[in-house]
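Undergrad: Listed here are the chains, written in short residue letters.
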Amino acid sequence: MKKLSKGARSDLITYAAVILAFIVVSVLKSNGSLNRSQSGLLVPICCYIVMAVSLNLTVGILGDLSLGHAGFMSVGAFTGVITAMSLMNVIPSVWLRLTLAMIVGAFFAAVIGFLIGIPVLRLTGDYLAIVTLAFGEIIKELITCLLVGVDSEGLHIIFNVSGSKTANDLKLLEGGRVIIKGAQGATGTKTIASFTAGFILVMIALVIVQNLIRSRQGRAIMAVRDNRIAAESVGINVTRYKMMAFVTSAALAGAAGALFGLNYSNLAATKFDFNTSILVLVFVVLGGLGNIWGSIIATVVLYILPEALRGFANYRMLIYAIVLIVVMLATNNPVLKTYREELRAKFSRKDKKEAADT
Amino acid sequence: MTAGSLKNQNPPGIWDAKMPQDVRVRRDPLVPVTRTSFLPERDADKTPILECIDLGITFGGLKAVDNFNVAIGRTEIAGLIGPNGAGKTTIFNLLTKVYQPTHGTILLDGKDIAAMSTAQINRAGIARTFQNIRLFHNQTVLDNVLIGLHNEMEYGMGSAILRLPGYWKAERIARERAMEYLSLFHLEGHAEELAGSLPYGAQRRLEIARALATNPSLLLLDEPAAGMNPSETAELMENIEKIRDTFHIAILLIEHDMSLVMNICEGIVVLNFGRIIAKGTPSDIRANPAVIEAYLGRKGAKTL
Ligand SMILES: Nc1ncnc2c1ncn2[C@@H]1O[C@H](COP(=O)(O)OP(=O)(O)O)[C@@H](O)[C@H]1O
Ligand SMILES: [Mg+2]
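Which chain is which? The protein sequence lines are A and B, in order. Each residue of the first sequence is one higher than the last, beginning at 3 in this note's numbering. Each residue of the second sequence is one higher than the last, beginning at 336 in this note's numbering.
Keep in mind that the hints were calculated from the coordinates and are not lab data. Every residue, glycine too, gets a C-beta built ideally from N, C-alpha and C. The reader is advised that the hints may include incorrect statements.
[Said to hold, decoys possible] So the derived list for chain A, only partly shown, Cβ under 8 Å to chain B, looks like this: (1) Arg218; (2) Gln219; (3) Ala225; (4) Asn229; (5) Ala232; (6) Glu234; (7) Ser235; (8) Val236; (9) Ile238; (10) Met246.
Just chain A, same shape as in the assembly (with noise of 0.2 Å):
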C-alpha cells in the first residue's frame, strides 16, 4: 500500500468529516428534526467556513494579517447579485445561475485583492493590516452610494455620491427590475443558495486550500511566512507567492459571498463591516492558525452558539466567552498540541508496524 504523509491523511479526514457532516443534516432536514431557524443558519454556515478557510490561507499560512475580509465577501456578494438577478430571464436554471453569480464574486474581489496587492505585498510590516482595514470600510461606503437596476436595455448604475438620487433616477423600462437600493442594499433578489451549493463550495473551496499548501507553491509561501530571506536566497520570487495566497483568499471570499447574497431577498452593505472581519478572524484564530479543519469546527461552534444560547437570555454571552475560551484552549494550547502530537505518533507507529507485518 502507499504510503499516505501525515499531513494528505489529516486532509483526507477532514474532507470525509465534511462530508459525513452534509449526509447528516441533509437527513435531519429532509426528516423534519430542523425547525425554521435552524435550517435558515446551513447556508451561512457554510459561507463562513469558505471565509474562515480563505482567511487561513492568508493570515495562517501566509503569516500577514488581513482585517479586511468582509470587504471581498462585500465584493463577491453585490457583484454576485447582480449577475443572477441580471440573468435571471436569460438564463432559467437556478444551478447555473448561482455557478456564474459565484465565479463573478469570485473574479471582482480577486481583481480588487490584486490590486490592493500590488502597492502593499511589496512591503514587510503590517501594511497589509491597515489598507485591507481601510478597503474594507472604503467598499461598504462606495456600495452604500450603488443604484444599480436592469431591464431589457441591460444593467443601469448610477453612482450616488451626492445622495440625492433615488431607484427612479435609473430610468428603467417598463418590466425593469432594481437590484441594489443605495443604503438599502440589494432588495426583491431571488434567493436561489441553497445548503447544496454551500456544501459543494466548502469542498472547493478545502481542495483549493489544501491542495495548494501541499504543492511547490504552498511549500514557497510557507517559506516566505517562516523566513523571508533564507526564502528570497533559495530563489523564491515573494512577492508573487504573497500575491498568489492573498489573490486566492480574496476570490474564494467573493464566491462565499455571492453565494450568502444570493440567500436573502434584502441585504445591506453594512452587512459587512469590520465586526464581520474581525469575527471571521476570530473563528481562524480560535481554530488555529494554519489549521484548516480547525477553522472549520471553530466557525461551525461560534456560529450556532449565540442562536442556540437564546434560551439562556442574559447568560448567553458569558456562555459564549466561557466557549470561546474553551476552543482556543483546546485547538491552540501547546500541552494538548504535543498530546495530539503523540498520539498521532503512536497510531502511525501503528501503522507502520501493521504494514510491515502485511
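Go by the hints and put chain B with the ligands onto chain A.
TA: Showing chain B with the ligands alone in chain A's frame:
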C-alpha cells in the same frame, strides 16, 4: 573560451534520475589572471564564476567593505577569512543582494548582476548558507530541501490544485532528488523530523543541502563548521570537497577553523576592517606578515 563545456558538467536538472559522477579534481597552483586576481590553473582560461570589482558598502559613514577585488574559478574552493567584524558576512550579503552595494560591480559568470534581486541571483547560480542558521524550523527536514528544489520543479498553480499528472510526477521526482541530497549529508533518516529539532551540526548540514538543491554554480558557506565538534568538522571538510568534485561548482567559504581553511581552500582572501590585506594560496597566507599581524594575539595566530 571553453566555459560552455564546463557548464555541461554542472549537476543535471532534477529530471535526470542519476546524480552526477564524482570525479576527483586535482589541486592546482594559482596563476594570476588580472593585476589583482588569481585562479586555479585549470580554471584560468575560463570566465571566472565570480568577479568582484571595487565592491564596497558604507553603513552610515562606516566603510564595512571597501575596494573588494576578487575572482573565483569555476571549480575553485576559496576561503574568506579575517577577524570578527572584518566584513566577511557583509560580502556574502552584497553578493546575494541582501544589501545593495554602494559601489562596485559583481560579475557572475561574466554577467553583471546589479539589476537582480536576491531571488533572481539564486536562480542565476548563487546559493548560500547563513552564519546564524536560517532554516524553515517548523517544517520538516524533507520540506526544507523541497523548498530548495522550488525552481527545479515546473508545474503551475492549476496543476497543483487539480493534482494533474504533472504535479504527481514532479513531486515524486523532487522527493527522490531531495532524499539524495539528504543522504549526501547523512540526513535521510531524519526526513520527517522538524528542521528545528535537529542538533546544531545537522542543521548546518541541512542548510548546505537546501542551498545545493537550488543547483548553484557558486556556493557560499558562512562559517559552516561553527558549533561542530572536531569529527563533524572533519566530515564537513570531506563533504565540501566531495560537493565540488561531484557537482563541479565553485565554493566560497567563510571559516574561523584555520585547519579547515588551510586544508581545503585553494585561494584564500584575508579581510581586515573591510579591506583585503592578503590574497593567495594557503602557504602564501601563512607566510604573509600582514596576516600574522592582523591575527597577532588571536587564537588564529597559533594555528595559522
Ligand atoms: N546592516 C548593517 N548596518 C550597519 N552596520 C552593519 C550592518 N551589517 C554589518 N554591519 C557592520 O559591518 C561590519 C562587518 O560585519 P560582518 O560582515 O558581520 O563581519 P564578519 O566579518 O564578522 O562577518 C561590522 O562592523 C558590522 O557592525
Ligand atoms: Mg560573519
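Undergrad: Against each hint, give a clear statement of whether it holds in the structure.
TA: Hint check:
1. With a cut of 8 Å, the hint placing arginine 218/A at the interface with chain B holds, because the nearest CB-to-CB distance is about 5 Å.
2. Against a cut-off of 8 Å between C-beta atoms, the interface hint on glutamine 219/A holds, since the closest Cβ of chain B lies about 5 Å away.
3. Because the smallest distance between the Cβ of alanine 225/A and any Cβ of chain B comes to about 5 Å, under 8 Å, the interface hint for this residue holds.
4. Taking 8 Å as the C-beta contact cut-off toward chain B, the hint placing asparagine 229/A at the interface holds, the least distance being around 5 Å.
5. Hint status for alanine 232/A: holds, given a least beta-carbon distance of 4 Å to chain B, under 8 Å.
6. A least Cβ separation of about 4 Å between glutamate 234/A and chain B falls short of the 8 Å threshold, and the interface hint therefore holds.
7. A hinted interface residue such as serine 235/A counts as satisfied when its beta carbon comes closer than 8 Å to some beta carbon of chain B; here the least separation is about 6 Å, so the hint holds.
8. Nearest Cβ of chain B to the Cβ of valine 236/A: about 5 Å, under the 8 Å cut. The hint holds.
9. Taken as an interface hint, isoleucine 238/A checks out: its beta carbon lies about 6 Å from the nearest beta carbon of chain B, inside 8 Å.
10. The beta carbon of methionine 246/A is positioned within 8 Å of a beta carbon in chain B (closest approach about 7 Å), and the interface hint is therefore held.
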